[in-house]
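Trainee: Quick mapping for you: the protein sequence lines, in order, are chains A and B. Under my numbering, think of the first position of the first sequence as 3, with each following residue one higher. Under my numbering, think of the first position of the second sequence as 3, with each following residue one higher.
Hints in this document: simulated from the structure, not taken from any laboratory. Yeah, the Cβ is synthetic: ideal placement off N, Cα and C, and Gly gets one too. Warning: the hint list may mix true and false statements.
Here are the in silico distance ranges between beta carbons for each label pair [to be verified]: (1) B:Glu-51 with A:Thr-333: 56 to 66 Å; (2) A:Asp-17 with B:Ala-313: 28 to 38 Å; (3) A:Arg-119 with B:Pro-93: 27 to 37 Å; (4) B:Arg-30 with A:Phe-234: 47 to 57 Å; (5) B:Pro-93 with A:Gly-331: 38 to 48 Å; (6) A:Asp-17 with B:Arg-211: 33 to 43 Å; (7) A:Pro-328 with B:Glu-51: 53 to 63 Å; (8) B:Pro-312 with A:Gly-57: 41 to 51 Å.
Simulated coverage check for chain A against chain B, where a stretch passes if three residues somewhere in it have a Cβ under 8 Å from a Cβ of chain B [what the hints assert, rightly or not]: (9) 55–65; (10) 82–93.
Number of protein chains: 2
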Amino acid sequence: MALVVQKFGGSSLSDTERIRAVADHVARTRRQGHEVVVVVSAMGKTTDELIRLAGEVSKVVPGRELDMLLTTGERISMALLCMALAELGVPAASFTGSQAGIVTDAVHTKAKIVEVRGDRVRGALAEGKVPVVAGFQGVSLGREITTLGRGGSDTTAVAVAAALGAGVCEIYTDVSGVFSADPRLVPDARRLARISFEEMLEVAASGGRVLMHRSVEFGRRYHVPIHVRSSFTWEPGTWVVEEEEAMEEALVTAVTHDTSEVKLTVSGVPDRPGIAARLFRGLAERAVNVDMIVQNTSSHGLTDISFTVPADDLAVALGVSQAVAPGIGATGVTADAEVAKVSVIGAGMRSSPGVTATMFEALAAASINIEMISTSPIRISCVLRRADVERAVALLHDAFELGTDAPARRAGAS
Amino acid sequence: MALVVQKFGGSSLSDTERIRAVADHVARTRRQGHEVVVVVSAMGKTTDELIRLAGEVSKVVPGRELDMLLTTGERISMALLCMALAELGVPAASFTGSQAGIVTDAVHTKAKIVEVRGDRVRGALAEGKVPVVAGFQGVSLGREITTLGRGGSDTTAVAVAAALGAGVCEIYTDVSGVFSADPRLVPDARRLARISFEEMLEVAASGGRVLMHRSVEFGRRYHVPIHVRSSFTWEPGTWVVEEEEAMEEALVTAVTHDTSEVKLTVSGVPDRPGIAARLFRGLAERAVNVDMIVQNTSSHGLTDISFTVPADDLAVALGVSQAVAPGIGATGVTADAEVAKVSVIGAGMRSSPGVTATMFEALAAASINIEMISTSPIRISCVLRRADVERAVALLHDAFELGTDAPARRAGAS
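Let the hints inform the model, and build the full structure from the sequences given.
Mentor: Here is the structure:
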């Protein structure tokens with residue numbers, strides 16, 4: 003008998019019929035002899051609806067009150083799930099973030115978990131109940147209700163699994179796992195049976211939307227295997243595990259893409275120490291998340307600095323850049339929204355230097371221009387025209403033989 | 003500068019436009035130099051919608067989970083109200099029942115308040131903020147979330163006002179006060195400027211729906227004046243105050259009616275000690291709230307016992323009565339749903355024995371038959387045919403000269 007944490011997202015709890023299906027699955031897991039702790043998100047579009055109401059009453063939305071508002075979402079879904087479990091004869095008890103002892107820092111709307119106490123969750127387990135814990139929410143040491151920001155429910159689930167020493171944290175969602183590329187762009191994309199935490203972190207950071215970065219980081223740090231699977235088919239999905247457990251040291255595991263960023267260029271900047279620092283300090287102070295940075299080769303003592311930021315931060319980033327520009331002697335600031343990023347990710351890259359060449363050759367053969375490049379030991383990312391992104395993903399997936407039709411990899415497909 | 007507790011019910015918070023209107027009123031009260039603490043109910047039909055969802059997932063609705071579900075309603079309205087206040091530049095902070103220190107017993111769905119700690123509410127006031135407290139909800143000593151049952155938000159408001167030593171608890175609702183009779187039945191019904199706690203308790207117990215019994219009882223016990231007024235006109239309404247403060251010792255203050263009860267009759271019961279006890283013990287054990295009881299004069303050693311219960315309890319009461327009947331030698335049990343209760347209430351009745359006679363004469367003159375009678379020192383209630391109730395209310399209102407056209411009372415009308 004193992005302890006399993008099962009996390010269900012909004013799409014898995016979109017209506018009462020889906021909630022009953024989730025209750026069935028939890029009951030089935032119990033019948034298989036497991037102890038189950040459930041973590042839930044808000045139902046379907048609840049959060050969007052609450053944000054709409056907030057917008058109707060005020061242009062000023064204090065973070066504290068937004069957290070108070072949004073945390074109702076999980077309370078509704080967890081209470082309903084407990085009722086659905088009761089209907090099946092499975093004793094269950096719901097716990098708010100506060101009741102479950104999800105202690106966070108005091109930063110409203112994007113708090114970080116500092117501790118999971120979980121005494122009441124353990125107590126409910128000891129009484130033979132299924133504890134159903136509200137994802138996404140916690141309580142600060144000052145007893146204020148907080149939320150963890152985007153993807154926060156996954157983080158709650160992995161943190162709870164770590165605190166309770168669960169054998170696995172199952173993340174149920176509306177896709178059946180992590181794929182070698184977005185199946186909407188690449189029809190023969192393969193569902194990965196396993197992927198390492200390190201690779202999954204790169205996937206999350208480079209456009210893969212299945213798991214958010216923070217939950218993977220939590221799993222890696224506390225050695226909690228994560229199983230990403232579908233709440234529609236209930237079939238096995240993708241295991242995110244320690245690297246040594248990964249079945250195959252793939253050269254390239256996945257091709258990802260990201261169209262959520264824009265590129266800014268500050269041109270005619272004097273090529274002197276400290277210039278870039280002033281620009282990026284200004285962006286950091288406004289909490290703009292800069293992703294890639296490229297500085298051109300200097301020409302006549304002047305250079306251009308290009309960087310990418312989330313499209314949501316465009317206005318702020320542009321404002322900061324334009325404000326900083328005169329002080330650093332720059333001649334202009336331009337923004338380009340028609341970019342996209344394509345990345346290839348694989349732990350095997352570390353020992354195989356040929357991956358970069360293969361990637362560049364494949365793009366060049368299709369006349370796709372590379373505008374920016376960044377690399378990590380297990381990832382290569384290229385910024386290119388947004389119009390080219392679908393083609394680029396498909397041809398890279400093919401170049402690295404990642405598809406279900408690729409003979410070398412067929413054995414790995416589940 | 004006085005401390006004012008303002009409570010807004012669901013109809014006062016039915017949509018974001020109404021919430022903004024409430025925020026305006028709170029801001030206006032602050033500008034008049036008062037400190038304000040707000041208590042809110044859930045928005046409009048939120049509670050009904052949540053109960054509908056619960057019904058869709060389960061026929062079994064554990065009280066603990068129902069409380070978890072329903073308490074989201076006030077969290078939504080209080081967070082939105084705080085945002086609307088922030089938009090007006092009024093600093094505000096919302097508090098759940100738990101955060102506000104509304105400590106209750108552990109009876110889910112109908113908990114009773116045992117203590118109001120209120121430290122955080124006082125702290126927010128000291129910081130110059132408007133504390134916005136969730137009505138209807140509390141927390142048990144075992145840290146379980148509870149709800150107070152019907153009318154619970156009013157009780158929260160009065161309890162908070164008592165704990166903070168507020169000068170008044172204003173209950174905003176969709177009517178403009180307490181009337182001498184239901185204005186839908188009696189067009190010249192008069193809004194009462196003042197009514198005593200004792201009279202208001204009788205009004206609440208005999209069909210008046212403006213304030214629930216428990217909140218009035220709380221106000222009486224802790225000497226908190228309650229001001230019932232409209233959140234649509236914002237004009238002064240009815241003050242519920244200590245008897246000595248009431249402006250006039252009215253013979254009769256109000257005529258109320260109640261069509262929510264049914265009458266049961268257990269017939270042919272032996273007229274012996276202990277028989278009635280067995281019947282009403284059985285009803286009490288099933289938590290049936292018996293209102294009026296009448297036992298006929300014995301004839302040949304047999305009698306009939308009639309009593310009224312809420313229509314919602316009819317099935318249970320009928321079941322209990324039919325089960326008990328054979329054991330007590332009764333010959334039959336009948337139920338009659340076509341009854342109604344009319345009451346006249348007035349503190350002045352204590353010293354004026356003629357009220358009963360006037361009431362009976364007025365009903366007799368209109369050929370309205372009285373089926374059951376019960377009295378308190380300041381109330382007389384009669385059960386009669388439901389078809390007669392509207393006529394009875396109007397003619398009693400007239401007989402006691404309660405209308406706005408009654409010359410003797412005009413000075414008292416505000």
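Trainee: Confirm or reject each hint.
Mentor: Against the structure, the hints come out as follows:
Range check, Glu-51 of chain B to Thr-333 of chain A: Cβ separation about 59 Å, and the 56 to 66 Å hint holds. At roughly 33 Å, the beta-carbon separation of Asp-17 of chain A and Ala-313 of chain B lies within the given 28 to 38 Å, and the hint holds. Between Arg-119 of chain A and Pro-93 of chain B the beta carbon distance is about 31 Å. The supplied range of 27 to 37 Å therefore holds. The hinted range of 47 to 57 Å is satisfied by Arg-30 of chain B and Phe-234 of chain A, whose Cβ atoms lie roughly 52 Å apart.
Between Pro-93 of chain B and Gly-331 of chain A the C-beta distance comes to about 44 Å, which sits within the given range of 38 to 48 Å. Distance hint for Asp-17 of chain A and Arg-211 of chain B: a CB-CB separation of about 34 Å, consistent with the stated range 33 to 43 Å. Evaluation of the 53 to 63 Å hint for Pro-328 of chain A and Glu-51 of chain B yields a pass: the beta carbon distance comes to about 56 Å. The supplied range of 41 to 51 Å is met by Pro-312 of chain B and Gly-57 of chain A, whose beta-carbon atoms lie about 42 Å from each other.
For a cut-off of 8 Å, the count of residues in the segment 55–65 of chain A with a CB near a CB of chain B stands at 9, and the three-residue condition holds. Only residues whose C-beta sits within less than 8 Å of a C-beta in chain B count toward coverage, and the segment 82–93 of chain A has 7 of them, enough to reach three; the restraint holds.
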